[in-house]
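Novice: Sequence:
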Amino acid sequence: MNTDHTATVEKFLSTLLSTLDAIPPTVPLPQLSSQPRIIINGQPFSSKEQFQQLWSTLPISNHQVTSCDIHTIPTGQSPQFIVLAHAKVRFDESGKNKLGDSTLLHNQTPIAPASGTSRALWSHWFGVTISCVIDYDVVNNPHAQCVTSWDYRFTENPTSSIYKVE
Numbered sequence: 002m003n004t005d006h007t008a009t010v011e012k013f014l015s016t017l018l019s020t021l022d023a024i025p026p027t028v029p030l031p032q033l034s035s036q037p038r039i040i041i042n043g044q045p046f047s048s049k050e051q052f053q054q055l056w057s058t059l060p061i062s063n064h065q066v067t068s069c070d071i072h073t074i075p076t077g078q079s080p081q082f083i084v085l086a087h088a089k090v091r092f093d094e095s096g097k098n099k100l101g102d103s104t105l106l107h108n109q110t111p112i113a114p115a116s117g118t119s120r121a122l123w124s125h126w127f128g129v130t131i132s133c134v135i136d137y138d139v140v141n142n143p144h145a146q147c148v149t150s151w152d153y154r155f156t157e158n159p160t161s162s163i164y165k166v167e
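With the sequence shown counted from 1, adding 1 to any position gets you this note's numbering.
If you are wondering where the hints come from, they were derived from the structure by calculation, not from laboratory data.
Here a beta-carbon is modelled for each residue, glycine too, at the ideal position from N, C-alpha and C.
Each hint should be verified, as a subset may be incorrect.
Said to hold, decoys possible - Below are the BS3-like pairs computed for lysine-lysine, each with C-alpha atoms no more than 25 Å apart in a straight line:
(1) Lys97 - Lys12
(2) Lys12 - Lys89
(3) Lys97 - Lys165
(4) Lys99 - Lys89
(5) Lys165 - Lys99
As the list claims (entries may be wrong) - Here are the in silico distance ranges between beta carbons for each label pair:
(6) Gly128 - Gln51: 42 to 52 Å
(7) Ser79 - Ser103: 20 to 30 Å
(8) Gln51 - Thr4: 33 to 43 Å
(9) Thr4 - Ser103: 17 to 27 Å
(10) Thr130 - Ser162: 12 to 22 Å
(11) Thr76 - Asp102: 24 to 34 Å
(12) Ser103 - His144: 14 to 24 Å
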C-alpha cells in the first residue's frame, strides 16, 4: 500500500475535468459517489443529479490543470486521496449552452459564420481551485463512483468576459 499513485490520480483528475467539458448526452462527473458533498463557489448542492443537471445547461467549457497536489489519507482499510488542484477554465461566449439552446435574452439571433456551422468563441481564462476527496477504488477502476467530495471555486474573473462569477 506504500505505492505512489500520484500519476493515476492526476490522470483521473484530467478525466473528471474532461467530463465537465464534454457536450451532452455525456453526464458531467459520473464518478461522483452516490451521496457526494458538492460545493460550487461556497454553495452546496443537495444531490449529484442537481449538480449534473445544472452543469449540463451551462456554456461549453475548456479546463486546463496548472498544478496539482495529491496526498494519501490513511483511513483504515481503504485509504483516500485528497487532491488540491489549480486550473484555468474558459467558456464559450457564442450565445449557446451545451444543449445547443440560446442563452441570449430578448430572443436575439446570434450571428452564425458564413459556413452555417457554429464554433466556440472562447472567453478569457478564469482561475479555479478544485479540492476533492477520492476513494482508493480509483487505483483499480478509473470508472468507479469514487469521488466523495467536490469543491470547485472560481478564484479569478477576467474583466473582459461577458460572464461574471461571484
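Novice: Each hint: holds or not?
Specialist: Quick rundown of the hints versus the structure:
1. Annotation: proposed proximity of Lys97 to Lys12 is violated, straight-line Cα distance about 30 Å (limit 25 Å).
2. Our distance criterion of 25 Å between C-alpha atoms is met by Lys12 and Lys89, whose separation comes to about 17 Å.
3. Straight-line distance between C-alpha atoms of Lys97 and Lys165 comes to about 16 Å, which keeps the hinted pair within the 25 Å bound.
4. As the CA atoms of Lys99 and Lys89 are separated by approximately 19 Å, the hinted pair is consistent with the 25 Å bound.
5. Distance restraint check for Lys165 and Lys99: the Cα-Cα separation of roughly 18 Å lies within the 25 Å cut-off, and the hinted pair is therefore satisfied.
6. Separated by about 25 Å at the C-beta atoms, Gly128 and Gln51 break the suggested range of 42 to 52 Å.
7. Roughly 46 Å separates the CB atoms of Ser79 and Ser103, a value that falls outside the hinted 20 to 30 Å.
8. Separated by about 36 Å at the C-beta atoms, Gln51 and Thr4 satisfy the suggested range of 33 to 43 Å.
9. Between Thr4 and Ser103, the C-beta spacing of about 50 Å breaks the proposed range 17 to 27 Å.
10. A hinted range of 12 to 22 Å for the beta carbons of Thr130 and Ser162 is consistent with their spacing of about 18 Å.
11. Between Thr76 and Asp102, the C-beta spacing of about 43 Å breaks the proposed range 24 to 34 Å.
12. Taken as a hint, the range 14 to 24 Å is violated for the pair Ser103 and His144, whose Cβ atoms sit roughly 34 Å apart.
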